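Trainee: In the working numbering, the protein residues as written are 1 to 203.
Among the hints, a few may not be true.
Straight-line alpha carbon distances no greater than 25 Å define the calculated DSS-like cross-link-like pairs of lysine-lysine that follow [stated by the list, open to error]:
#: 1; residue 1: K5; residue 2: K107
#: 2; residue 1: K107; residue 2: K124
#: 3; residue 1: K78; residue 2: K29
#: 4; residue 1: K69; residue 2: K124
#: 5; residue 1: K29; residue 2: K107
#: 6; residue 1: K124; residue 2: K78
#: 7; residue 1: K69; residue 2: K107
Restraint-style ranges between C-beta atoms, simulated for each label pair [claimed, not checked]:
#: 8; residue 1: Q168; residue 2: G70; range: 33 to 41 Å
#: 9; residue 1: R167; residue 2: D144; range: 31 to 39 Å
#: 10; residue 1: M152; residue 2: R71; range: 16 to 24 Å
#: 11; residue 1: R167; residue 2: A23; range: 21 to 29 Å
#: 12; residue 1: R59; residue 2: L164; range: 37 to 45 Å
#: 13; residue 1: E46; residue 2: G70; range: 24 to 32 Å
#: 14; residue 1: W163; residue 2: A104; range: 12 to 20 Å
#: 15; residue 1: P48; residue 2: F201; range: 20 to 28 Å
#: 16; residue 1: P48; residue 2: A138; range: 20 to 28 Å
#: 17; residue 1: D144; residue 2: T199; range: 43 to 51 Å
#: 18; residue 1: G123; residue 2: P48; range: 14 to 22 Å
#: 19; residue 1: L164; residue 2: F36; range: 13 to 21 Å
#: 20; residue 1: G70; residue 2: R27; range: 21 to 29 Å
#: 21; residue 1: D144; residue 2: E31; range: 36 to 44 Å
Calculated directly from the structure, the hints in this document are not laboratory data.
From a predicted model like this one, the values you see are computed outputs, not experimental measurements.
All residues carry an ideal CB built from backbone N, CA and C; glycine is no exception.
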Amino acid sequence: MKEDKLLEVFYDYTCPWCYLGTANTDRLKRERDISFRWTLFPLHPEVPLDGMELTELFRHRPPQPEESKGRIMNAAAKLGLPMIRRNRISNSRRAQELEKWAAALGKGDDFRCRTFHAYFAEGKDIAQLPVLEEIAEAVGLPRDDVWDVLAMELFAEAVHADWLRARQMGVSSIPFYLFSEESLVGYRPYEDILRLVDTAFRQ
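Generate the whole structure from the sequences, applying the supplied hints.
Mentor: Pasting the structure below:
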């Protein structure tokens, strides 16, 4: 097993397929000795801080069929991931900056997991300060520092660096998986991601 093998995952907290993908990456952590790089992506940076109705966000697109919405819910159920139907989308920028803060303190994975759960399983608005303070406290971070980290933009550049990397790599859809110069786009069955990793190891 090569220790320098790394799976890079491009994602955003408001992407339902990224949330489903966490079940696969969690399983991969258990079954393969590889490292992960989590790269933040600006899925809908135009969403205001107080959020937006999904119907407004997608007003220029054809209505999404109910069966398409059901596919996501069914996939979540099969993976054992709790998920509720959301009518609004949050601005994810604050959560992204706080994840970089959490990662610097060794809590990045915990923060990521808890934030996804808060958004998709509990229906919380992850742009709101009380919600973010609650998430921080739940993973062992000082909730009183949350506002200072955001107000001082301590990790804004780190988020910008991720966004720039995504643009330079030509990433336009997420989740996006990159492993040893091979990539997969969109939510995939676990077997596809495992094949991506194992094929690269054999090269």
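Trainee: Hints first: check each against the structure and report whether it holds.
Mentor: Verification of the supplied hints:
1. Under the criterion of a C-alpha separation no larger than 25 Å, the hint pairing K5 with K107 is consistent with the structure, at around 22 Å.
2. For the given pair, K107 sits about 20 Å from K124 by alpha-carbon distance, which is consistent with the 25 Å threshold.
3. Our distance criterion of 25 Å between C-alpha atoms is met by K78 and K29, whose separation comes to about 19 Å.
4. For the hint linking K69 to K124, the alpha-carbon distance of about 19 Å falls within 25 Å, and the restraint holds.
5. Of the supplied pair hints, the one linking K29 and K107 holds, its CA atoms being roughly 16 Å apart against a limit of 25 Å.
6. Pair hint K124 plus K78 holds up; C-alpha atoms about 23 Å apart against a cutoff of 25 Å.
7. At roughly 32 Å between alpha-carbon atoms, K69 and K107 are farther apart than 25 Å, so this suggested pair is violated.
8. Here the CB-CB span from Q168 to G70 is close to 36 Å, well matched to the stated 33 to 41 Å.
9. The hint said 31 to 39 Å for the Cβ distance between R167 and D144, and at roughly 35 Å that hint holds.
10. Against the hinted window of 16 to 24 Å, the Cβ-Cβ separation of M152 and R71 comes to about 42 Å, which falls outside the hint.
11. Checked against the given bound of 21 to 29 Å, the beta carbons of R167 and A23, roughly 28 Å apart, stay inside it.
12. Under the hint 37 to 45 Å, the C-beta atoms of R59 and L164, about 29 Å apart, miss the expected range.
13. As the Cβ distance of E46 to G70 is approximately 27 Å, the hint placing it in 24 to 32 Å holds.
14. Judged by the Cβ atoms, the range 12 to 20 Å given for W163 and A104 holds: they are separated by roughly 18 Å.
15. Against the hinted window of 20 to 28 Å, the Cβ-Cβ separation of P48 and F201 comes to about 44 Å, which falls outside the hint.
16. Checked against the hint of 20 to 28 Å, the pair P48 and A138 passes, with Cβ atoms roughly 26 Å apart.
17. The supplied range of 43 to 51 Å is met by D144 and T199, whose beta-carbon atoms lie about 47 Å from each other.
18. At roughly 18 Å, the beta-carbon separation of G123 and P48 lies within the given 14 to 22 Å, and the hint holds.
19. Range check, L164 to F36: Cβ separation about 20 Å, and the 13 to 21 Å hint holds.
20. The supplied range of 21 to 29 Å is met by G70 and R27, whose beta-carbon atoms lie about 24 Å from each other.
21. Separated by about 39 Å at the C-beta atoms, D144 and E31 satisfy the suggested range of 36 to 44 Å.
The structure fails to meet hints 7, 10, 12 and 15 from the earlier list, while all remaining hints are met.
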